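Construct the complete structure from the given sequences, taking the supplied hints into account.
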Amino acid sequence: MGLTIAEKIFDAHRIDRPAEGIEAIRLDAVFCHEITTPIAINDLAARGKDRVFDPGRIKAVIDHVTPAKDSKTAAQGKVLRDWARRHGIADFFDIGRNGVCHALFPEKGFVRPGDTIIMGDSHTCTHGAFGAFAAGVGTTDLEVGILKGVCAFRSPETICIEITGRLPEGVFAKDVILSIIGRLGVNGATDRVIEFHGPVVDAMSMEARMTLCNMAIEAGGTCGICRPDRITVDYLWPFIESDYADRQAALEAFKRWWPDPDAVYADTLSFDVSGLEPLATFGYKPDQVRPVREMGDVAVDQVYIGSCTNGRIEDLRAAAAVLRGRRIHPAVRAILSPATPGVYRQALAEGLIEVFMTAGFCVTNPTCGACLGMSNGVLAEGEVCASTTNRNFPGRMGKGGMVHLVSPATAAATALTGRLTSAGELGH
Amino acid sequence: MRNFGGKVLFLDRDDINTDEIIPARYLTEMTKTALKPYLLEDLALEEFDAARDLAGVGAIVTRANFGCGSSREHAPWALEVNDIHLVIAESFARIFRQNMFNCGLMALTLPPEAIDRLFERFGAHSTHVAVDLQRMRLNFTADGLAEQVPFTLAPFDRALIEAGGWVEYADRRY
Ligand code: SF4
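If you're matching them up, the sequences are chains A and B in order. Just so you know, we're using numbering that gives the first Met the number 0 here: the first sequence kicks off at 0 and counts up by one. Just so you know, we're using numbering that gives the first Met the number 0 here: the second sequence kicks off at 0 and counts up by one.
To be clear, the hints were calculated from the coordinates, so they are not data collected in a lab. Predicted, not measured: the structure shown is a model, and the values here were computed from it. Hints are supplied without guarantee of correctness; some may be wrong.
In silico DSS-like pairs for lysine-lysine, Cα to Cα no more than 25 Å straight-line [stated by the list, open to error]:
id, chain 1, residue 1, chain 2, residue 2
1, B, Lys31, A, Lys68
2, B, Lys6, B, Lys35
3, B, Lys6, A, Lys77
4, A, Lys77, A, Lys107
5, A, Lys71, A, Lys398
6, A, Lys48, B, Lys31
7, B, Lys35, A, Lys71
8, A, Lys71, B, Lys6
9, A, Lys7, A, Lys254
10, A, Lys77, B, Lys35
11, A, Lys48, B, Lys35
To give an idea of the chain B side of the interface with chain A (calculated C-beta under 10 Å), a few residues [as the list claims (entries may be wrong)]:
id, residue
12, Lys31
13, Trp76
14, Asn101
15, Cys102
16, Thr151
17, Pro154
18, Phe155
19, Gly164
20, Trp165
21, Ala169
Idealized CB from N, CA, C, for every residue including glycine.
Structure representation (C-alpha cells):
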C-alpha cells in the first residue's frame with residue numbers, strides 16, 4: 000500500500016508506538032518563542048529537569064512582543080533569553096536579529112524536506128511548505144520535545160488537495176488558501192495533514208507555498224505539506240550546497256519524500272483557481288470568505304501588512320506595486336511590519352520602504368505585534384482592520400475589533416481607498 | 000504516581016468550559032503555581048463560591064462535556080496545583096481529557112446513570128472518593144453511605160498516570 004508524505008516522514012522517524020494508533024517520533028528541530036516556552040521552561044525546572052535534548056536542534060526567538068512593551072512581556076523574554084544562554088542554544092534570535100518565527104526560521108535554512116518539527120504555536124504548519132512535517136503543540140508536548148526530542152501523534156491521515164488551472168493576474172496564494180478554507184470549513188481538516196499538489200502549487204515560489212501551508216490550521220489541519228521540488232532545492236541551496244554534488248542530486252534525494260502514486264488519502268479534493276478573484280473574510284471565522292468585489296462598502300480604520308502569513312519580500316513587492324506613487328486615504332492608519340530583518344533589508348535595498356513611507360505607512364520593526372493584538376497596532380473597540388494575517392476571531396487584533404483577512408495587494412488597495420478594495424478595481 | 004481521590008466537589012452542570020476552569024486573563028502567568036488562586040473563578044453555577052467550596056477538595060464529579068472550549072493546558076494545571084488530580088464525568092472534551100492524562104491526572108468517564116446516582120445519593124453530603132487501581136473501583140463514602148463504582152482505563156492512559164504524566168513517561172522511556 001502506498002504512503003503519503005507524512006507517512007513516509009513518520010516511517011523514517013518512528014521510535015515507538017506507545018498505544019494503538021499513537022506514534023512517537025524523533026524530532027529534527029524544536030522551535031521556541033517567548034509566549035509559550037517560558038511556562039514549559041519553568042515547569043521543567045520545577046520538576047528538576049532543566050535540560051535540553053540537543054541545543055543544536057533547538058531554535059528560539061523573541062518575536063511576539065518585541066521590543067517588550069511592559070514588565071510582563073519583558074519577563075517572558077528574559078526567561079527565554081536566560082534559558083538559551085544557560086543551555087548554549089546558539090540559534091537564539093534576540094532583538095536586532097529577531098523576526099516572526101515562521102518567516103525567520105525558514106530564511107535561516109532551519110527547515111529541510113523530511114524534517115519533523117514542533118513548536119508551541121499553531122502556525123508551525125507553515126514549515127510543511129518544504130516537505131517537512133511541522134506541527135503546533137501544547138505545553139506538555141513542548142516540554143517533552145525540549146527534554147527528549149520526541150513527540151507523539153496519532154498516525155497521520157492526509158487530505159490531498161489538487162490545485163489546478165491558472166492563477167489569474169492579481170490573485171495570490173492568500174486568495175487560494177482562503178478559498179480552500181471557505182470550502183473545507185474551520186474543522187474540515189481537523190487532525191489531518193493536508194498535502195497540496197497540482198500545477199498551481201508546482202509553479203508557486205517557496206514564499207507562496209509558505210502562505211498556503213500557514214493557514215492549514217485555519218481548516219483544523221495539523222500540517223500543510225508541499226512536495227519538495229526544484230524550487231525547494233533552489234531556495235535551500237545556500238544551506239545545503241556542501242551536502243550534495245549539485246542541485247540535481249539534491250532533488251533526487253528530496254524525491255524520497257514524494258508520496259507514492261498509490262498513496263491512500265482520507266479525502267481527495269480538487270480546486271480550479273482559473274476563475275478565482277481576490278477574496279476577503281467577512282465574519283469572525285476564517286472560513287467566512289467572499290470576493291472583495293461582493294463585500295459592499297466596508298470602511299476600514301486600519302490596514303496591516305505583515306505576519307507569518309504575508310510579511311515576506313514578495314508580499315511587500317505586491318503591496319508596493321499597488322502603492323507606488325500614491326498616498327493612503329486620510330482616514331486610514333496603515334502599518335507595515337516586515338516579517339524579518341532580512342525582509343526589511345531587502346525591502347530597503349529595493350526601495351520598497353520608500354514607497355510605503357511615501358504612501359503614508361508606518362513601518363515597524365519585525366514582530367508579531369498587532370497580529371495577535373498585543374502591540375504595534377492594536378485596534379480600539381468597534382474598529383475595522385484589513386489585514387494580511389491569518390486569524391479574524393473576535394478580539395484577535397484588539398478587544399471589540401473586526402478583522403478582514405486579505406492578500407497584501409488587496410490590503411494596499413484598501414489603504415488607498417479607505418474601503419475594502421481589490422487592486423484590480425484600481426486598474427492593477 | 001500521584002495520590003488520586005479525596006473530598007468530592009459536585010458540579011451539577013453540563014459543558015463546563017476551560018474559560019470557566021481558568022479564565023483567559025490568567026494565561027500570561029509563567030508558572031503553573033501562579034494559577035492556583037484562580038481555579039473555577041468564573042464558573043457559572045448558582046450558589047458556587049470558589050473560595051468556600053474548593054477548600055480541601057481532591058476530586059470533582061460532574062456531568063457531560065467537561066473541559067470544552069479553548070484547548071489551553073492551563074485548565075488541568077489549575078486543577079493540579081489545587082491538588083485536584085481526579086475528575087469524574089459523563090464525558091470530556093477530547094483535548095482536555097488528553098491534557099489531563101498528559102499531566103498525570105485522571106479524567107474518568109462513567110455512564111450517565113452512574114453519574115445520576117452519585118449526584119442523588121452523595122450530592123448533598125460531604126463525600127470522599129478513593130481510587131482502587133488494582134480492582135478498578137471507585138470507593139465513595141459519606142456519613143453512613145458507601146458505594147463502589149467500577150471504571151475502565153485504556154492502557155496508554157494508565158501508563159501515563161503511573162508515570163506521573165507524559166513528561167515523566169517520555170523521560171523514562173526515550
Ligand atoms: S504573526 Fe501572528 S499568527 Fe504568525 S506567529 Fe506571530 S502571532 Fe502567530
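Checked hints:
no.	hint	verdict
1	Lys31/B with Lys68/A	holds, 23 Å
2	Lys6/B with Lys35/B	holds, 18 Å
3	Lys6/B with Lys77/A	violated, 40 Å
4	Lys77/A with Lys107/A	holds, 23 Å
5	Lys71/A with Lys398/A	holds, 19 Å
6	Lys48/A with Lys31/B	holds, 15 Å
7	Lys35/B with Lys71/A	holds, 18 Å
8	Lys71/A with Lys6/B	violated, 36 Å
9	Lys7/A with Lys254/A	holds, 11 Å
10	Lys77/A with Lys35/B	holds, 23 Å
11	Lys48/A with Lys35/B	holds, 22 Å
12	Lys31	holds, 6 Å
13	Trp76	holds, 8 Å
14	Asn101	holds, 4 Å
15	Cys102	holds, 6 Å
16	Thr151	violated, 14 Å
17	Pro154	holds, 6 Å
18	Phe155	holds, 3 Å
19	Gly164	holds, 7 Å
20	Trp165	holds, 5 Å
21	Ala169	holds, 4 Å
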